[in-house]
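Peer 1: The lines below spell out each chain.
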Amino acid sequence: MHRSSEVKHVASYLNTRGCECFGQPCESHCPVLTDRTIHVQLKTFIKIRVKPDRTGVVTDGVKHSMNPFCEIAVEEAIKLKEKKLVKEVVAVSCGPQQVQETIRTALAMGADRGIHVEVSGKDYETLGPLQVSKIFAALAKKEQADLIILGKQAIDDDCNQTGQMTAALLDWPQGTFASEMTLEADKLKVVREVDGGLETIKIKLPAVVTADLRLNTPRYATLPNIMKAKKKKIANVKPADLGVDVCSRLEVLKVDEPPQRQAGVKVETVDDLVGKLKEAGRV
Amino acid sequence: MSNPLRGEVIRLYKNLLYLGREYPKGTTYFRERLKAAFMKNKDVTDPEKIKKLVDRGEFVIKELEALYFLRKYRAMKRHYYEPEH
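Quick note, the sequences are listed as chains A and B, same order. For what it's worth, UniProt numbering labels the leading residue of the first sequence as 1, then goes sequentially. For what it's worth, UniProt numbering labels the leading residue of the second sequence as 1, then goes sequentially.
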């Protein structure tokens with residue numbers, strides 16, 4: 001359940017018609033946080049369109065922003081830092097130049113520094129969870145991170161794989177779908193959201209955690225914080241520097257739009273309805 | 001001209017303008033109303049009254065942040081979670 005005690009101002013302007021059709025997702029983790037860019041397509045302005053050659057979705061000129069699950073992950077990292085349980089929060093993102101904006105948002109929320117892993121052009125289009133998790137594993141070793149927090153899945157591809165793969169590559173324990181996280185000495189107590197309800201596990205650090213929706217309420221990056229964040233550093237790294245090969249083993253064969261909804265048919269009596277169902281072969 | 005408060009008022013205006021970029025009814029809609037609201041009070045000189053108006057502006061900022069968060073939260077919940085009975 002959403003902890004409504006944290007939302008102190010329920011707006012009088014609550015105009016809930018804004019339904020956003022999201023696009024690309026991003027993953028983030030802390031201390032090494034990663035976000036791929038995400039497209040937030042406002043339903044009133046842009047529709048998601050499939051590219052004419054059916055190899056993907058149109059992404060040029062679409063507004064990019066941080067994956068919502070990643071925002072929650074960043075927020076959790078910053079909360080840990082505010083409680084003085086971690087020393088430093090690093091935000092990491094993989095992608096082309098636009099990704100720097102997402103890192104700046106994370107810095108504005110309170111991260112200490114950023115790392116931009118430059119992947120552009122063709123490599124970026126085929127960048128998938130396997131490549132991202134290899135990059136993270138390499139970075140975690142280099143930065144000697146103790147805790148990696150990511151969003152549970154990216155809302156553009158809905159893979160839900162990066163966190164798990166990163167943990168496997170590093171041979172670290174993982175607490176996925178975390179809806180609650182407590183740090184106790186060198187152990188981490190994670191309450192996970194599973195199909196049957198909630199599962200509480202204790203894992204040893206270093207570990208990987210993926211954030212679920214109810215972990216916390218991410219703060220908004222206000223203008224003064226964004227101004228302050230401009231002074232924070234963003235380091236630039238190439239995957240080759242980390243010894244990671246970003247070549248993809250997957251090939252997208254086809255991307256199709258969902259089938260158009262057929263118009264409904266009105267009938268007069270129940271007999272008509274049964275007749276029509278029999279025609280359609282459903283009875 | 002109450003000088004220290006002038007800086008505060010301008011900062012408040014800039015913050016609201018920045019938040020208004022994602023307003024559901026549109027940026028121009030928000031900007032017109034924001035400007036009208038600020039212009040209506042431009043002749044107020046009493047520092048007490050100015051402080052009260054600035055506090056009201058801060059309250060609006062918090063409400064906008066809550067609005068954006070809830071909008072995103074509800075969209076995510078709708079997309080990814082089973083409807084609760």
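What the hints contain is simulated information worked out from the structure, not anything from laboratory work. Quick reminder that beta carbons are idealized off the backbone N, C-alpha and C, glycines included. Any given hint might turn out to be false.
As the list claims (entries may be wrong) - Below, in silico cross-link-like pairs of lysine-lysine (DSBU-like), each with a Cα-Cα straight-line distance of 35 angstroms or less:
#, chain 1, residue 1, chain 2, residue 2
1, A, Lys87, B, Lys49
2, A, Lys228, B, Lys72
3, A, Lys79, B, Lys40
4, A, Lys141, A, Lys81
5, A, Lys122, A, Lys238
6, A, Lys87, B, Lys77
7, A, Lys122, B, Lys72
Claimed, not checked - Selected chain B positions facing chain A (Cβ under 10 angstroms, derived; list incomplete):
#, residue
8, Lys14
9, Tyr18
10, Leu19
11, Leu34
12, Phe38
13, Lys42
14, Lys49
15, Ile61
16, Glu65
17, Phe69
18, Tyr73
19, Ala75
20, His79
21, Tyr80
22, Tyr81
Unchecked claim - Over the 12 angstroms line for every Cβ pair with chain B, so calculated as not near, a few chain A residues:
#, residue
23, Pro68
24, Gln97
25, Gly121
26, Leu213
27, Ala221
Peer 1: If a hint holds in the structure, say so; if it does not, say that too.
Peer 2: Against the structure, the hints:
1. A/Lys87 <-> B/Lys49: Given that 35 angstroms is the threshold and the Cα spacing comes to 43 angstroms, the pair is violated.
2. A/Lys228 <-> B/Lys72: holds (25 angstroms)
3. A/Lys79 <-> B/Lys40: Not OK: lysine 79 of chain A and lysine 40 of chain B at ~40 angstroms, beyond 35 angstroms, violated.
4. A/Lys141 <-> A/Lys81: holds (21 angstroms)
5. A/Lys122 <-> A/Lys238: Roughly 15 angstroms separates the two Cα atoms, so the pair holds.
6. A/Lys87 <-> B/Lys77: holds (32 angstroms)
7. A/Lys122 <-> B/Lys72: The hint holds at about 31 angstroms.
8. Lys14: holds (6 angstroms)
9. Tyr18: holds (4 angstroms)
10. Leu19: Holds. Min distance 8 angstroms.
11. Leu34: Leucine 34 of chain B check fails; min Cβ-Cβ to chain A is 13 angstroms, beyond 10 angstroms.
12. Phe38: Status violated, d = 16 angstroms.
13. Lys42: This interface hint is violated because 22 angstroms lies over the 10 angstroms limit.
14. Lys49: Constraint on lysine 49 of chain B not satisfied, violated at 22 angstroms.
15. Ile61: holds (8 angstroms)
16. Glu65: holds (4 angstroms)
17. Phe69: Result: holds, 6 angstroms to nearest chain A Cβ.
18. Tyr73: The hint holds - tyrosine 73 of chain B has a Cβ within 10 angstroms of chain A, the shortest such distance being about 7 angstroms.
19. Ala75: holds (5 angstroms)
20. His79: For histidine 79 of chain B, the interface hint holds, since the closest Cβ of chain A sits about 8 angstroms away, which is under 10 angstroms.
21. Tyr80: holds (7 angstroms)
22. Tyr81: Where the cut-off is 10 angstroms and the nearest Cβ of chain A is about 7 angstroms from tyrosine 81 of chain B, the hint holds.
23. Pro68: violated (5 angstroms)
24. Gln97: holds (21 angstroms)
25. Gly121: holds (29 angstroms)
26. Leu213: violated (6 angstroms)
27. Ala221: violated (10 angstroms)
Hints 1, 3, 11, 12, 13, 14, 23, 26 and 27 from the earlier list are contradicted by this structure; the remaining hints agree with it.
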